[in-house]
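Undergrad: Make one complex out of these two single chains by using the hints.
The listed protein sequences derive, respectively, from chains D and B. Take the first sequence: its position 52, counting from 1, is numbered 52 in my numbering, and each next residue is one higher. Offset between the second sequence (1-based) and my numbering: plus 1000.
Think of the hints as simulated: they come from the structure by calculation, not from any bench. None of the values given here were measured: they were computed from a predicted structure. Even for Gly, the Cβ is constructed at its ideal location relative to N, Cα and C.
Distance ranges between label pairs, derived from CB positions:
| id | chain 1 | residue 1 | chain 2 | residue 2 | range |
| --- | --- | --- | --- | --- | --- |
| 1 | B | Ser1195 | D | Leu21 | 44 to 50 Å |
| 2 | D | Leu120 | B | Gly1162 | 53 to 59 Å |
| 3 | D | Gln245 | B | Thr1021 | 21 to 27 Å |
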Amino acid sequence: MGGNVGVIFRRELASYFSTPLAYVFIVIFLVLTGIFTFFMGNFYERGQADLAPFFSFHPWLYLFLVPAVSMRLWAEERKTGSIELLLTLPVRTWQAVVGKFLAAWVFAGLALVLTFPLWLTVNYLGEPDNGVILAAYIGSWLMAGAYLAIGSCISAATNNQVIAFIITVTVCFLFVAAGSPIVMNLFTSWSDNQLWSAIASASFLVRFESISKGVLDFRDLFYFGWMMILWLAATVIVIDMKKAQ
Amino acid sequence: MIEISHLSKEFGHFAAVRDLTFNVAPGEVLGFLGPNGAGKTTTMRMITGFIAPSSGSVSIYGHDIQADPIGAKRRLGYLPEGAPAYGDMTPARFLAFVADIRGLRGGQKKQRIEAMVSELELQSVWHRPIETLSKGFKRRVGLAQALIHDPQVLVLDEPTDGLDPNQKQQVRELIRRIAADKIILVSTHILEEVSAVCSRAMIIAAGRLVADGSPAQLQAQSRNHGAVVLQLPVQEGLQQQLAAIPGVGEVEADAAQPGRFRLIPETGKDILLAVSAHISGAGWQIAELRQEEGRLDDVFRALTSRAGEDLH
Ligand SMILES: Nc1ncnc2c1ncn2[C@@H]1O[C@H](COP(=O)(O)OP(=O)(O)O)[C@@H](O)[C@H]1O
Ligand SMILES: [Mg+2]
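Bound-form chain B, shown alone (with noise of 0.2 Å):
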């Protein structure tokens, strides 16, 4: 378990965290989303130790980063934004090294090394110079160093930032297959890696907590969620007949695609049976018709440029 309580950090008049407060047990995987200068990485700082808070507590396990930062740091792994290294090691050395400053001894050290060495498929590079890797290598590097001591706590800072898109799905699996009994945060910008990998999304913008849930009820909140997206034969007054659908509050009509509808319900409405007994009625052709389950980035985009005019 981990306790975050009214953590807040002022960089000198200037506020990047205010008053977070929030919880994340075993077995969670959340993800932090938000713009980029929305305080995420200022969070992660915290709650690893690396910068202290201005107020507020972090509480690893019952470990106050502050109070008992060794106790704290023991069950964590992190993964900084930019997976920072020391360049000119190899990642037999440096894995090496971090494993020797986790305590690792003997035959442990050799097989949890050996375990990263496969989990991220570093055979290849396993003699050259960290600075001299590619940004996929240099990430998972990271990432095992991270993992090495396997960790209870996992604070993953854009784990799959400048990654090509068969690195970022590797990564994901990654954090998939280990999550069971884990803590898991990983921030990102990235929306789709939210619905991929984490069971608990938390949007923060301005550093404020703006929403908190399962990426599901984060959808809901879109005004897509339940949308009717449709496709009828081109003709005239359509637009009209179709927003006088009862629970029916907007029409979008495509203007790329002529006879494209989507048609957006009041809140709280479902306006699927309505629709389709309309068309059968008006005996209309129909060659495509789903309902939307809502998109993140609408709530992302609503939430988080909320949260930018409240401060100006």
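Isolated chain D (complex conformation) (with noise of 0.2 Å):
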């Protein structure tokens, strides 16, 4: 039965590719990247040979490129009714909700693997630390899964694509901008260190860049992989809730 969520991920991937939606947005990405890392965050005149640069924009690409990957997750199978086809097959879904996540995510992770030629270029360049670079890839994967849990659960939630993009993002904000600086001296400023550091510690922001700092601290790779789990649970919970209203 497990073998459902094989089958689920099988289809789903294949049709980010039976459309040219996944070329157009590797490309956009790579293009994106390209300019952030290049222009705005100084490659060259830092002087360094890493990928620093590179991923501290990360955070901020994944809040508009990857809610328009999640926004499609659920959101289109209730527009087209194919959602009526797939809840009648003998599949659970939780099975439905993890093939599909699955699916989302390992193609967010093929456009990161595309960014290899920085890679090439930083160890062309000088001598970079491979495992701090390794460390930030893994972070920024799984930084981009928690992205589109909370996606992939907002997008079952509505039947208008534009409207589970726009959610999804400010939700997402909401997880990335508790740990940036304006908000964290905001904090700091009215109340005690305690509750902003509470506050920061459930930031996308704060986990990733301790992660890409080369830091693989187990505590920030659980808080990504609950993020996770929690949104997927609630995806499930959602579409169930959805059946009997």
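TA: Okay, here's the thing in structure tokens:
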């Protein structure tokens, strides 16, 4: 029965590449990472052989690109009616949720892997710490997974992809912005340290920055893992609730 | 056997399906009749587990659709209204996907897919994206998807809607061909379809069951059941004479064709003999004389409009 996850995963992943959407997405992702890294991240001027400028933009880049992928997940099935087919096949709701999520996550991973020319470039220019780079790639992919899981849940709640996109961007923004210097300064100015550190610890930005410095702390990995599990569980609940409406 | 017990569904304050209870046995082709909005699709969605009932239960060969959805769904094939599919897939990939989910493997999978291709004549569109197919082909792909695992229970929501007369005929033949030991539920608002394929018909209106019986039994409830239609030479006072025949309740003159009448019997009376005796006694030349079975659409209209009135 776990085989159903694999069957749904493969169908879903293939569907990304049956339309130009996937290719457009990957090209946009690569172009934007290039622009951010070279023009805004002072890649050359810093005189350091690492990918820090590249990774530092990921939380903000994902804020708009990942919801564009996740908005389709369930809203499109509802719109076309194929959800009626999927949910009347002998498949458990969680299997469909996980299969679809994994396909989106692997797709995001593929886009990430295709940034390898940057990695080749820094290795050509100098001697970067490839362990740190690998950790940052893993962190970035985990963060993409957390964004996707949030998007999955919101997509399940509506049949309108535009609404799914906007709400997902908003919710993800809260998770990212909670750790941004502006918000942190705001909190430190009028509340005690414990509260703001609790909020900051729930921030994608703070978690991701610590991973991308090369510190693979299990708490950070678990954090993204739990985010995914919780939001996917919420997706299952939303879909089952909609059945009973 | 499927057992449906006190099934109801409310959307907010609106009751779409009210307290349906019925069983269907293998070999039965049950036609679900009702005007648009009667609750046919909602009922089928509850039977197939797409939506949960507000109350009541559905059991498919002993598997409750809520308590054991996987067990129940394994035995079901379902063509949802409008035959939704993954439009970007070809029928080849789509049917392979459904076969995989249905647990068909290897030679069995290949054999079932080939059977569907020939049964539903899908060769010519086999490698074209479903979204580019005509309505008729989309419907056939939907039927193939529902039939691929040779299910014991088949639920078809308006399987012939939007098809041309030839295609309608093909789908009806298909249903008759596979009906032998299956349970088939077909919803339709086309009445001829019921007489053509169903062994039993249920009329629902405003979410309620208003009639249940064989198509012949339903026809017998028609006011036109046993009515006699006849064509006589035009003469004065015909209508009064016909109305005086014992057992004749009402005489309807055909405005377009003088001399043509429909004699509607009083409830439960057979008037054919009395009418023909009267005609030969009077020495009339008859151009036509026949007795009607009754029309399903009379019953349909009578029952469904009455149910509508109850509501308001
Ligand atoms: N998800 C829903 N939310 C609210 N009302 C609904 C929903 N689905 C169906 N209805 C209403 O329930 C009634 C029955 O619909 P349906 O089962 O589709 O009828 P039929 O298939 O017989 O035409 C209709 O009035 C329809 O508007
Ligand atoms: Mg309907």
